[in-house]
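Chemist: Chain by chain, the residues:
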Amino acid sequence: MAADTRDFERLSVESATVVRHQSAWARVRANGSVRIGGSVLAVLVLIALIAPWLGTVDPSLFDPASRDLLPGRAGEITTLDGDAIPHTFWMGSDSFGRDIYSRVIYGTRVSLIVGLATAVVSVAFGVLFGLLAGYVRWLDGPLMRVMDGVMSIPAILIAISLVALWKGSLLTVVVAIAIPEIPRVTRLVRSLVLTVREEPYVEAAVSLGTPTWKIMLRHILPNTVAPLIVQGTFIAASGILVEAILSFLGVGLPPDIPTWGNVMAEGRAQFNDFPHNIFFPGIFLAVTVLAINILGDGLRDTLDPKMARRG
Amino acid sequence: MSAPAPDGPILEVRDLTIALPAGADRPSAVQRVSFAVGRGEIVCLVGESGSGKSVIAQAVMGLLPKTLPVTGGTILLEGEDVTRATPARLRELRATRMSMIFQEPMTALNPVMTCGDQIDEVLAEHTSLGPAERRRKVLEIVREVLLPDPERIVASYPHQLSGGQRQRIVIAMALVLDPVLLIADEPTTALDVTTQAQILRLVIELQKRHGTGVLFITHDFGVVAEVAHRVAVLRLGDLVEIGPKHDVLQRPTHDYTRMLMASVPTMTVPERRLDDAAPVVLDVRGLQKVYRDARWFGKTRMVHAAQDVSLAIRRGRTLGIVGESGSGKSTVARCIVRLIDPSGGQVLLSGADIASAKAGALRPLRNRVQIVFQDPYRSLNPRRTIADALIEGPMNYGLSREAALDRARALLQTVRLDASALERYPHQFSGGQRQRLCIARALMMEPELLVADEAVSALDVSVQAQVLRLLSDIRERLNLAMLFITHDLRVAAQVCDDVAVMSRGRVVEYGPAHQVFGAPAHEYTRSLFEAAPGKGFEFGAPARAA
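For the record, the sequence lines run as chains A and B.
Per the numbering used here, the very first residue in the first sequence carries number 1; after that it's consecutive.
Per the numbering used here, the very first residue in the second sequence carries number 312; after that it's consecutive.
Incorrect hints may appear among the rest.
[What the hints assert, rightly or not] What follows is a list of derived Cβ distance ranges for each label pair:
#	chain 1	residue 1	chain 2	residue 2	range
1	B	G709	A	E198	22 to 32 Å
2	B	P581	A	P142	52 to 62 Å
3	B	D729	A	E198	25 to 35 Å
4	A	E198	B	Q471	55 to 65 Å
5	A	R137	B	P338	30 to 40 Å
6	A	R137	B	A435	49 to 59 Å
[Claimed, not checked] The following residues of chain B were derived to be distant from chain A, with all beta-carbon distances above 12 Å:
#	residue
7	Q471
8	E582
9	A753
Hints listed in this document are in silico derivations from the structure and should not be mistaken for laboratory results.
Ideal placement from N, C-alpha and C gives every residue a C-beta, glycine not left out.
Go ahead and model the full structure; you've got the sequences and the hints to work with.
Modeler: As structure tokens, then:
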């Protein structure tokens with residue numbers, strides 16, 4: 001029989017089978033939602049980056065002479081140096097005579113930074129807590145009960161009280177928005193860790209003498225990346241929304257920083273006469289959040305098919 | 312086993328071709344397959360994974376997914392072409408003329424309906440019988456599949472029954488309308504060997520009594536030897552050989568069938584010279600593992616997964632632990648590798664106790680014992696290259712990357728894989744190749760003891776034969792001690808020098824393999840051997856003259 005060994009391996013069905021695999025990146029690129037959401041988002045990022053060259057003026061510059069102008073009105077605006085420069089108010093001006101177009105365009109920067117920063121902060125802490133809860137068994141109970149506690153308080157209330165405690169600044173707003181999101185990420189990561197730690201390749205690593213922290217970094221963490229990217233995009237979208245809400249309520253960023261929420265808050269009193277004060281920042285807010293959500297949906301479908309079926 | 316009455320086949324498959332979606336490894340799942348099943352005949356469709364045997368069953372039942380269209384040929388059920396039947400006609404044919412039993416009885420039953428209601432549903436759907444009449448028939452069929460206490464069984468939910476009982480319910484559902492054709496798709500693969508033997512006996516008995524034609528799909532040649540009248544062998548969608556059981560299994564004509572038959576391990580223990588003076592590598596003394604199910608209210612439940620297990624392995628020898636699911640054999644393996652903490656007893660590895668070692672003392676012991684798991688698809692991290700997987704262990708113990716890579720290259724040769732494997736990812740390998748890689752990964756640590764936990768159970772028979780050969784090769788060459796956990800007695804007979812039989816957490820019989828296999832002393836061991844499918848059947852050997 002031994003002489004036939006080579007023959008066996010040739011005849012065996014296995015050697016004839018070649019497994020094919022489409023890379024995750026190729027699937028992501030081919031997805032329609034990812035393309036649409038991604039391109040809109042790319043345009044918004046571009047707008048934020050080149051804001052000074054888009055025909056804007058200093059967003060905090062106010063000119064009492066050009067108050068409450070309607071969209072599209074050409075006029076002039078006086079700089080701090082006292083020079084009057086000709087300027088078209090594409091989106092009109094507010095009751096202080098500030099150019100709404102400039103404020104909205106610069107506001108894109110703030111919104112995108114807030115979205116990205118909240119996503120990064122909450123994912124970073126969520127991963128840390130999730131790994132600990134999932135891998136260090138005695139920490140699981142206490143840590144998750146704290147997370148349950150945080151989740152039981154409405155997110156917007158936590159954010160309002162945190163900003164009220166500290167002073168309103170970009171950092172405090174980001175932290176205030178990120179904290180209520182941390183438990184959700186923690187739960188996601190914990191459940192992934194609990195599944196992956198039972199995989200034979202993790203047990204093999206244990207028997208190979210791999211230290212626990214290395215097992216987490218090498219074998220467990222990479223499995224959480226795809227779901228976390230998906231979760232991160234949704235957190236970014238909700239972060240942008242919550243920032244706008246906080247600013248609108250007057251507990252977000254200080255009024256001198258141009259954010260979509262601030263512009264809308266200032267326009268609220270005159271909504272009946274000058275709806276453009278709220279209309280333009282509202283459009284930008286809606287489009288941004290929609291783009292991120294569409295992108296997130298596409299990423300979920302391609303990177304995390306299990307979650308897509310459930311949802 | 313007499314030939315069936317020659318009054319025309321009930322199922323005739325002619326030139327059946329089923330396409331695979333674009334991008335698959337071959338254009339069609341099955342091509343130009345022809346065979347027939349006669350009245351009262353059991354035809355076994357055998358083949359390794361990917362041979363297309365289940366696809367044929369689905370095609371006959373009209374259950375093919377849209378991605379797998381029938382592109383040629385006909386399937387005649389009592390002369391009627393199933394491939395052209397309307398969905399309504401197919402629904403009628405299923406259950407009344409043909410029915411199917413599946414591999415996993417738990418998923419084939421609805422968990423929120425009682426077993427009686429599920430059988431009743433078949434009757435209500437396809438007959439005009441009144442409730443009392445249906446109830447009588449339900450009880451009758453439940454009695455016929457030999458379930459005890461039919462009244463209670465009928466009122467039970469699937470989770471309240473054992474795996475074997477559930478499979479009997481599935482069989483009852485399939486046979487309640489007395490179909491002419493029964494398709495059994497690996498019906499006993501998920502069951503323990505003793506339960507399997509009972510179910511097989513039941514299928515044969517019912518089939519004889521009702522004169523049903525059976526298309527029996529399996530990868531297990533022991534089962535084939537047990538049930539088949541005729542056997543059809545599939546390889547990558549081609550039917551390579553078909554004929555009466557004794558012809559195909561004992562006088563195969565096609566190369567592929569011959570190779571398969573030579574791969575089926577025999578139940579006879581081969582002679583091997585053993586060195587009784589070799590040092591003892593593993594000495595397990597009174598090993599205990601208790602799972603406590605603590606509750607806030609009520610009593611704490613204790614599950615004794617392993618009780619008072621004592622074993623020893625000398626260098627260069629293989630000890631097999633055999634037993635059915637839940638016998639505690641894997642628990643013992645995992646305690647020995649210290650993937651779980653034993654509740655008591657000692658596990659001495661060349662004298663050092665690994666059972667009670669604390670984290671610091673455990674690390675230097677870890678590389679002395681390595682494990683190979685059952686599932687080759689989950690044993691390698693899909694995101695890391697083979698090189699990374701292989702060098703991880705030695706580098707944990709301070710070997711330089713270059714030295715580890717050199718060792719990896721040498722070991723790939725040992726497990727008969729090309730050195731180019733190093734840069735590739737696990738998904739680029741087949742199941743058998745992956746299992747070789749897992750063996751290589753374990754050997755990278757230069758262990759004294761290699762634990763194989765059902766390491767060949769998930770593999771096709773020809774691949775299994777290759778991996779078994781590799782394992783015994785390695786044991787010889789490296790003079791390793793090996794602990795081989797398996798539920799498959801044939802495999803155990805081939806590789807083990809000593810055998811421990813486990814049942815309910817205890818070792819019930821322990822001794823040299825030829826003794827345990829030749830003259831089993833314990834009642835449980837005898838029942839295991841009694842249940843082994845195809846025992847006494849010689850594969851590939853010429854049949855003795857009658």
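Chemist: Please check whether P581(B) and P142(A) have a Cβ separation lying inside 52 to 62 Å.
Modeler: holds (57 Å)
Chemist: Does the beta carbon distance between D729(B) and E198(A) stay inside 25 to 35 Å, or does it fall outside?
Modeler: About 32 Å separates the Cβ atoms of D729(B) and E198(A), which means 25 to 35 Å holds.
Chemist: Take a quick look at A753(B) and tell me if its Cβ sits farther than 12 Å from every Cβ on chain A, holds or violated.
Modeler: violated (8 Å)
Chemist: Measuring from beta carbon to beta carbon, are R137(A) and P338(B) in 30 to 40 Å?
Modeler: Violated, since R137(A) and P338(B) (Cβ atoms, about 51 Å apart) do not stay within the stated range.
Chemist: Given a hinted range of 22 to 32 Å, is it respected by the beta-carbon distance of G709(B) and E198(A)?
Modeler: About 29 Å separates the Cβ atoms of G709(B) and E198(A), which means 22 to 32 Å holds.
Chemist: Lying within 55 to 65 Å: is that true of the beta-carbon distance E198(A) to Q471(B)?
Modeler: violated (27 Å)
Chemist: Since E582(B) was said not to touch the interface, does its Cβ keep a gap of more than 12 Å from each Cβ of chain A?
Modeler: holds (15 Å)
Chemist: Indicate whether the distance between the beta carbons of R137(A) and A435(B) respects the range 49 to 59 Å.
Modeler: holds (50 Å)
Chemist: Is it the case that Q471(B) keeps its Cβ farther than 12 Å from each residue Cβ in chain A?
Modeler: holds (27 Å)
This entry does not satisfy hints 4, 5, 9, going by the numbered hints stated previously.
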